[in-house]
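One line per chain: the protein sequences are A and B, in this order. Counted the way our numbering counts, the first sequence spans residues 377 to 715. Counted the way our numbering counts, the second sequence spans residues 41 to 286.
Mixed in with the good hints there might be a few duds.
Stated by the list, open to error - 27 Å max Cα-Cα, derived DSS-like pairs, lysine-lysine: (1) K625/A / K608/A; (2) K56/B / K190/B; (3) K612/A / K631/A; (4) K245/B / K389/A; (5) K438/A / K245/B; (6) K707/A / K612/A; (7) K570/A / K259/B; (8) K569/A / K389/A; (9) K393/A / K259/B; (10) K179/B / K160/B; (11) K281/B / K438/A; (12) K251/B / K389/A; (13) K259/B / K566/A; (14) K575/A / K524/A; (15) K245/B / K570/A; (16) K707/A / K563/A; (17) K259/B / K388/A; (18) K575/A / K281/B; (19) K251/B / K393/A; (20) K625/A / K521/A; (21) K621/A / K529/A; (22) K569/A / K259/B; (23) K392/A / K251/B; (24) K388/A / K251/B; (25) K569/A / K281/B; (26) K393/A / K245/B; (27) K406/A / K388/A; (28) K569/A / K245/B; (29) K392/A / K713/A; (30) K281/B / K566/A; (31) K566/A / K245/B; (32) K570/A / K217/B; (33) K563/A / K281/B; (34) K713/A / K613/A.
What the hints assert, rightly or not - Example chain B residues on the side facing chain A (calculated, C-beta under 7 Å, incomplete): (35) E223; (36) G229; (37) C230; (38) V254; (39) S255; (40) Y256.
The hints are simulated quantities; they were obtained by calculation from the structure and are not laboratory data. Think of the CB as a built atom: it goes at the ideal place given N, C-alpha and C, for glycine as much as any other residue.
Residue strings, one per chain:
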Amino acid sequence: MITEWQSLLPEKKLEKKYFGILKEIVIDSKLCSHCAACAAVCPVDGISSGDQPIDFPNWTEKCVDCGACIKVCPRYDYKPLSGLGDYIEIFSGRSKRFVGQDGAMVSEITVSAIEMGLIEAAIFAGRSEDWSTKIVTIKSPEQLKNRKVTGTKYSYADVLIALKEAVLRYNSVGFVGTPCMISAVRKMQKTFKKFERVKLAIGLFCTENFYRHDLYDFLIEKKSVNLKNVVKTDIKKGKFIVTLKDGRKISFSVKELEEIVPSGCKVCQDFSAVESDVSVGSVGSEEGFSTVVVRSEAAKIVADYLKEKGYAEISQTSVDAIKKLCDYKVKIHPYPKKS
Amino acid sequence: MIRVEKVELNLVESLKRHVEALGEAFKQAIKPDRVTIEYPRERRRYPLSFRGFIIFNSEKCVSCFRCAQICPANAIQMEAHSKPYPSIDYTKCIFCHFCIESCPTGSLNSSKIHDVAFRKMEEMVVSANMMVKLPRILKEEKFTVDVIVKDKYWKLLRKKEMDDLSIPPIKVEVPKKIVTCAEPESCLGCRLCANVCPREAITVKEIEVAKRVVSYVLKVLTEKCVGCGLCVRQCPMNVLKLEVVK
Ligand SMILES: Cc1cc2nc3c(=O)[nH]c(=O)nc-3n(C[C@H](O)[C@H](O)[C@H](O)COP(=O)(O)OP(=O)(O)OC[C@H]3O[C@@H](n4cnc5c(N)ncnc54)[C@H](O)[C@@H]3O)c2cc1C
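The following block holds chain A by itself, in its conformation from the complex (with noise of 0.2 Å):
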């Protein structure tokens, strides 16, 4: 029976109210990577995310000054992580059950884990006719099916803050993000206990991120295509590709999306999101396939499950392939920035 505790509070770089750090030291410093961790944990809910930057009306005088927010920002003391980091295994696979953006092999490891019983439900980020993400809790396989839920949005999802109400319902749980939400959850874990329910890190290889209305509109203005007929976005090989409804296929260079880059990507260099229990991405891999970085043993477990059950089509990865873009992400966002 407790019925005295005591909750520490970070140091105080600033004399201001936590979220006002925050705002000078991340937010107002460009270095935001939007991941929502700290909207997910404010007590009050006053952190606002979706798709424009993180923000808190009214914070001078709604914000409690618990500091949980600095505790759990990925970008706050930051310290860029680079590199393929370390692993078990890496290997290329296809889902023979599901179909994704590559080789679905987030769908299938989500799955397996499940169908274990490592994690009871696992947060994915779907999406609506309008390309808006959506947060899904998938339990089921026959969620995944739908082809709305599996396959990347290259726009920012609340992921974070369904994991966290995720973590209060049940008690084991995955959920799958980049590399900066894996960060966050890793910061989560070790500052409150909830957080350790997260049985399951699934990280997306990452080179950056966009607001959804910014991809919208660039869409509209440059490429006279409307995000609402289409069908998949992809990209490969430095191009960006849409695939219409009518099977139309647009593609450009990257570096066109250059000036809707959102600032925190622009400073983030983890792109095999190096903290994660298992990374998947399509570099590495032949068309319709995934590659898979195993890191920890309880990912290992679900790899060699799915495995032996024969879900998946195995192939070979080319480490380099991987190795050659974490060095890329490396080169083209340096940090600390160079003014």
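Place chain B with the ligand on chain A using the hints.
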């Protein structure tokens, strides 16, 4: 209970029964027996488990809404008094008394009154202050009837007395609960629990080291906590819970 048995077809037995029957007919002709109760001149003595008109004790009520939530007929509405108290709509009440059984403090209780009459439909919504004592009913009876079952025979025993229609309150053990922290390692330090507490039963102390606040110490004042659970619902990390204390 009386069981009908197969009649013996032997002559002596048959004669005996005929005599018995004639005797009974003779007796009933002179002093007739009745199995019916002449309500309202007589009233049967109901058992203490009788499910009748519901009585309410506002002093015991903690406004937990359980009665309203459990009511299968949706007959209970919480109405605003100094705090929320139940009202019962007798157009809907099916006398299942789930409300009484679900009440954690024993503030609801049954009575032996089944004959509540109302003049208008609107009057059938009985508010809490109308339930605090037995309703005034017109009692015309002179006799209270007990049903006596002895061996195979039962009979009605009429006594010239009025039955007390109240039922003594059920003794309910109300366990004292206080809030405790089940997982301090997940506390955000937001202190919303302390802010929401109506009794100031959770205190916050700021610990300073070298003029810098380094932590908050949260403490439950066990004597002040009434176990209302408001903080438990408020906690954004679900780390608080109510525990029974001896
Ligand atoms: C913003 C972004 C940039 C990427 N950049 C690269 C890259 O440069 N090089 C590379 O090789 N791979 C990149 N990927 C990963 C790649 O596009 C595929 O997602 C990956 O190969 C998995 O494919 P799959 O078929 O196995 O996954 P699927 O089984 O199709 O599952 C896709 C998973 O991705 C999740 N997801 C989709 N969009 C988001 C989002 N916005 N935020 C969080 N989760 C999301 C879904 O919830 C789902 O779990 C990127 C992914 C994203 C989201």
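inquiry  = Need the status of pair K251/B, K389/A: alpha-carbon distance at most 27 Å?
reply    = Between K251/B and K389/A the Cα gap is close to 14 Å, so the pair holds against 27 Å.
ask   = Within a Cα-Cα threshold of 27 Å, do K566/A and K245/B meet the stated pairing?
value = holds (24 Å)
request  = Given the hint that K245/B pairs with K570/A, test it: the Cα-Cα distance must not exceed 27 Å.
outcome  = Holds - the C-alpha atoms of K570/A and K245/B are around 24 Å apart, at most 27 Å.
request  = For the pair supplied as a hint, K707/A and K563/A, confirm whether the alpha-carbon distance does not exceed 27 Å.
outcome  = holds (26 Å)
ask   = Taken at face value, is the distance from the CA of K529/A to the CA of K621/A at most 27 Å?
value = Holds: K621/A and K529/A sit about 16 Å apart, inside 27 Å.
inquiry  = Against the 27 Å threshold, does the CA-CA distance of K625/A and K608/A hold or violate the hint?
reply    = Holds - the C-alpha atoms of K608/A and K625/A are around 9 Å apart, at most 27 Å.
Hinted contact G229/B with chain A - closest CB pair below 7 Å = holds (3 Å)
message = Run the distance test for K245/B versus K389/A: straight-line Cα separation, threshold 27 Å.
response = holds (22 Å)
query = Taken at face value, is the distance from the CA of K245/B to the CA of K393/A at most 27 Å?
reply = Holds, at roughly 18 Å.
Hinted pair K393/A and K259/B, Cα distance within 27 Å = holds (23 Å)
query = Given the hinted pair K281/B and K438/A, is their alpha-carbon gap at most 27 Å?
reply = holds (26 Å)
ask   = Is the Cα-Cα distance between K569/A and K245/B 27 Å or less?
value = Holds, because 22 Å separates the two Cα atoms, which is no more than 27 Å.
Of the hints listed earlier, there is not a single one the structure fails to meet.
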